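Order-wise, the sequence lines are chains A and B.
Sequential numbering of the first sequence, starting at 1, is according to the working numbering.
Sequential numbering of the second sequence, starting at 1001, is according to the working numbering.
No wet-lab data here; the hints were simulated from the structure.
Since the structure is predicted, the reported quantities are computational estimates derived from the model, not experimental observations.
Careful: at least some of the hints might be erroneous.
Cross-link-like lysine-lysine pairs, in silico, DSSO-like; alpha carbons within 30 Å at most [said to hold, decoys possible]:
#1 A/Lys16 with B/Lys1270
#2 B/Lys1270 with A/Lys40
#3 A/Lys92 with B/Lys1350
#4 A/Lys40 with B/Lys1480
#5 B/Lys1238 with A/Lys68
#6 B/Lys1258 with B/Lys1480
#7 A/Lys50 with B/Lys1258
#8 A/Lys75 with B/Lys1350
#9 A/Lys75 with B/Lys1238
#10 B/Lys1069 with B/Lys1055
#11 A/Lys16 with B/Lys1419
#12 B/Lys1381 with A/Lys50
#13 A/Lys33 with B/Lys1069
#14 A/Lys92 with A/Lys16
#15 A/Lys40 with B/Lys1381
#16 A/Lys16 with B/Lys1350
#17 B/Lys1270 with B/Lys1480
#18 B/Lys1361 with A/Lys40
#19 A/Lys50 with B/Lys1480
#20 B/Lys1270 with A/Lys33
#21 B/Lys1396 with B/Lys1270
#22 B/Lys1258 with A/Lys33
#23 A/Lys16 with B/Lys1381
#24 B/Lys1258 with A/Lys92
#25 B/Lys1350 with B/Lys1361
#26 A/Lys33 with B/Lys1350
#27 B/Lys1333 with A/Lys68
#28 A/Lys33 with B/Lys1361
#29 A/Lys75 with B/Lys1333
#30 A/Lys16 with B/Lys1055
#31 B/Lys1419 with B/Lys1361
#32 A/Lys75 with B/Lys1419
#33 B/Lys1350 with B/Lys1333
#34 A/Lys50 with B/Lys1396
#35 A/Lys40 with B/Lys1419
#36 B/Lys1069 with A/Lys92
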Amino acid sequence: MTITIETVQHIAHLAKLQLSETEMFRLADEMEKIVGFADKLSELDIEGVKPTTHAVAVQNVLRDDELKPSYDREKILQNAPERDAACFLVPKVVE
Amino acid sequence: MNQSISAAEELAALTAHDASCRLAEGTVSSVQLTQLMLDRIAASQNNAFITVNPKALEEAAAADARRQKGEARGPLDGIPMALKDNISTQGLRTTCASRMLAEFVPPYSATVARRLSEAGCVLLGKLNMDEFAMGSTSENSYFGPVRNPRDPQRIAGGSSGGSAAAVAENLAYFTLGSDTGGSVRQPAAMCGVMGMKPTYGRISRYGVVAFASSLDQIGPITKDAQDCALVLNAIAGKDPYDGSSLMNPLPDYLDALKDGAAGLRIGIPKEYMGEGISEEVRMAVERVAGLLEAQGAIVETCSLPRTEYALSAYYVISSAEACSNLGRYDGVKYGYRTQAYANLAEMIEKTRSEGFGDEVKRRILLGTYTLSAGYFDAYYKRAQQARTLIMEDFRKVFRQYDVLLTPTSPVTAWALGQKHANPLEIYAMDVCTVSVNVAGLPALSLPCGTDSQGLPIGAQFIANTLGEAVLLRAAAAAEKGGKA
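In isolation and in its complexed conformation, chain A is listed as follows (with noise of 0.2 Å):
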């Protein structure tokens, strides 16, 4: 599988991520390494196989609906890089 350097721009695309021109050859090319070694899960014979998502089966955890304070609305905002009142603060999205 060869990645070319619009793969990669694309993927930064969509993981929302910006790259130099240089990251991007030289991810370009550690990719291709990486997603060779990858590659290697085609040698199996999985005809039929199920996938497993969770290595040990847990059941569904139910509990009741109870009512319980949260936390203080205050504490949460206290790492937010910047914020107004009670609000986290982000370039305007609507003109």
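Once you have looked at the hints, place chain B on chain A.
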């Protein structure tokens, strides 16, 4: 003067259970132990700690006060310990060794942090690691690499390198790490200490920053098997805040230490002892087998034929889950935010590009690629099918054996910077540890001697689901055999 230095050295080198005895006898106080650790942390050059807890001495004084009143809480009350910096601690910054979270102060504590605090432990601080636990060397840290206390020119292993180095250098009586593909066991092996990755779900992950949610598990790093059992007793068990934590009843893990190796059926999977494993590591693992055989264990060679696919399956699954888990870092609610931006989209992209390091970006891109349109079936789904086959292999061998014995790492600690040029070469070093996470099994790394350069070697025991007790039984027997 020299005498007092060596007395301090001796006190720092104690196991947690021996330190606990001294506290119980009243020959030392928690404040003394804590001050000793803080002094050693300040003097250390190995970069194991990212943050020191300014309230450590206060916590120690509270433990001493409890003991004075006859209200000591148990064997860990007053014992100074430290946590990997991806375990949230209320009021104390939790960075994941990333620029993204360099100033993040959690509004709550992880369940494991809370349980240790309730057991009376003193939190010394937060430990260095690979950024977001991605790496096998602890070099991928925004705060600089961790150095191996056995040889400061070498890596401490990773990603819980700070956790292992701190125990090896006697900067804490025990620590916690996290293990997604070997991140507790491999640094423990490289630093010459013990590390356990329990069964998936045995320990709550509430408050632990997620890397790969179907693989992540918290584990103790200690000086011996008894300490490992003590810590496990304190932190294991169901947590209503973690839906994936298991309800199965908890044994007293200390009981397992007495059982001895007689009759223990040990399998050595041949795929773990072949090509790529250094001769000295292989010999050290065989010595462990010999020690246990001498105590009446039955040791045989067995096979896990699909082992060679585990590494590919692991990197596909872990990167896919990581790219999803790391989607939350957008500079809005917490964490780093870039300085200049024209709009929301640019703010998010620049924040992520400046906030994440190279290895994290690599994994996010790989994960995004394997999950993107047209590739899902070829990679993520196929990796999960490989997972089913790998688990089948383990199920088969565990019909015949109580525990498996393998190397933890194919080689001992390499030089800092040595493998920077080729990420794949570092990934390949996880070959002995990743299957365990893929299958959700418990495993333990036991220090088992050194190579010709004096670098520690680790032997790994692997048990069936919820077999932590048998791991401790094997480890305690091997420790005893090693001393005899």
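Hint-by-hint comparison with the structure:
no. : hint                     : in the structure
1   : A/Lys16 with B/Lys1270   : violated (44 Å)
2   : B/Lys1270 with A/Lys40   : holds (20 Å)
3   : A/Lys92 with B/Lys1350   : holds (17 Å)
4   : A/Lys40 with B/Lys1480   : violated (42 Å)
5   : B/Lys1238 with A/Lys68   : holds (20 Å)
6   : B/Lys1258 with B/Lys1480 : holds (11 Å)
7   : A/Lys50 with B/Lys1258   : violated (41 Å)
8   : A/Lys75 with B/Lys1350   : holds (26 Å)
9   : A/Lys75 with B/Lys1238   : holds (27 Å)
10  : B/Lys1069 with B/Lys1055 : holds (22 Å)
11  : A/Lys16 with B/Lys1419   : holds (28 Å)
12  : B/Lys1381 with A/Lys50   : holds (9 Å)
13  : A/Lys33 with B/Lys1069   : violated (63 Å)
14  : A/Lys92 with A/Lys16     : holds (19 Å)
15  : A/Lys40 with B/Lys1381   : holds (14 Å)
16  : A/Lys16 with B/Lys1350   : holds (8 Å)
17  : B/Lys1270 with B/Lys1480 : holds (26 Å)
18  : B/Lys1361 with A/Lys40   : holds (23 Å)
19  : A/Lys50 with B/Lys1480   : violated (43 Å)
20  : B/Lys1270 with A/Lys33   : holds (28 Å)
21  : B/Lys1396 with B/Lys1270 : holds (15 Å)
22  : B/Lys1258 with A/Lys33   : violated (48 Å)
23  : A/Lys16 with B/Lys1381   : holds (24 Å)
24  : B/Lys1258 with A/Lys92   : violated (65 Å)
25  : B/Lys1350 with B/Lys1361 : holds (13 Å)
26  : A/Lys33 with B/Lys1350   : holds (27 Å)
27  : B/Lys1333 with A/Lys68   : holds (23 Å)
28  : A/Lys33 with B/Lys1361   : holds (16 Å)
29  : A/Lys75 with B/Lys1333   : holds (12 Å)
30  : A/Lys16 with B/Lys1055   : violated (39 Å)
31  : B/Lys1419 with B/Lys1361 : holds (18 Å)
32  : A/Lys75 with B/Lys1419   : violated (42 Å)
33  : B/Lys1350 with B/Lys1333 : holds (16 Å)
34  : A/Lys50 with B/Lys1396   : holds (18 Å)
35  : A/Lys40 with B/Lys1419   : holds (22 Å)
36  : B/Lys1069 with A/Lys92   : violated (59 Å)
In the structure shown, a violation is registered for the earlier hints numbered 1, 4, 7, 13, 19, 22, 24, 30, 32 and 36, in ascending order.
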